[in-house]
Amino acid sequence: LYIVCNVTPQLVKVDLASKSQSILLTADHLIGGTAVVKMDQAIIVADSEYNYTDASQTEGKLIVITNDNQIITHKTATPNPTFISAIQSGGQQYLVSSNSDIIQYDENWNPTPPSQSCVQLWTIDDLTNEADPAVKTHCETNSSVGRISHSDSKLYIGDGVTPKVYSTDIAKIKDFDAWSSIPLDNGDK
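Letter by letter, the sequence shown follows residues 2 to 190 in this note's numbering.
No wet-lab data here; the hints were simulated from the structure. A hint or two may mislead.
Restricting the straight-line Cα-Cα distance to at most 25 Å, the calculated cross-link-like pairs of lysine to any residue (SDA-like) are [as the list claims (entries may be wrong)]:
1) Lys155 - Glu131
2) Lys20 - Val8
3) Lys155 - Ile174
4) Lys175 - Gln105
5) Lys20 - Thr9
6) Lys62 - Cys140
7) Lys62 - Leu25
8) Lys39 - Ser19
9) Lys20 - Asp69
10) Lys14 - Ala87
Taking the hints into account, I'd like the entire structure generated from these sequences.
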């Protein structure tokens, strides 16, 4: 079991049989972990790099721990990667990151979405290399992309500010340009 801790920046591995714990990442590498995924070739952690002093200075990266314990980092296109998910298509393993950026709030706590937030598609082979990966990026304007979900055929991403769900066909994931949005009104569940 892998647990990413946000307030105390750590990645903890728990052996469920023995109940022993080991710390794989600390504040030396991790600022604000938000998600962790174990894939065949690596453990990947989303690090929001959230700056609580000045949110406008928030960045974002993925931290990759390879099977030989090498630590590799890759910056995300937009700040605050909050969710990651592993998917497969055409025999290739991919990681999808949802980079939410920063939502601003007025004095009445009404949200203002970022100018754009992005979803990124990474191959596991590219993530486990130190070279800059050939990543595919899809951005939405005036949105804060959020939770990732998928079926065998579709990838879905919710929006944290507007009542929308974005989707794309997993069989055509290599294109990563063919997205549709499903608006939800107040009556939809």
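How the hints compare with the structure:
For the proposed pair Lys155 and Glu131, the alpha carbon gap of about 30 Å is over 25 Å, so the pair is violated. The straight-line distance between the Cα atoms of Lys20 and Val8 is roughly 23 Å, inside the 25 Å bound, and the hint therefore holds. Of the supplied pair hints, the one linking Lys155 and Ile174 holds, its CA atoms being roughly 9 Å apart against a limit of 25 Å. For the hint pairing Lys175 with Gln105, the CA-to-CA distance comes to about 33 Å; that exceeds 25 Å, so the pair is violated.
Distance hint between Lys20 and Thr9 is fulfilled; the C-alpha atoms sit about 20 Å from each other, no more than 25 Å. In summary, the hint linking Lys62 to Cys140 is supported, as the alpha carbons are separated by about 17 Å, within the 25 Å threshold. A C-alpha spacing of about 17 Å is found between Lys62 and Leu25, which places the hinted pair at or below 25 Å, so the restraint holds. At roughly 20 Å between alpha-carbon atoms, Lys39 and Ser19 fall within 25 Å of each other, so this suggested pair holds.
Taking the CA atoms of Lys20 and Asp69, the gap is about 23 Å. The hint holds against a cut of 25 Å. For the suggested pair Lys14 and Ala87, the alpha carbons sit about 19 Å apart, so the restraint of at most 25 Å is met.
Hint compliance for this structure: hints 1 and 4 are not met, and every other hint is.
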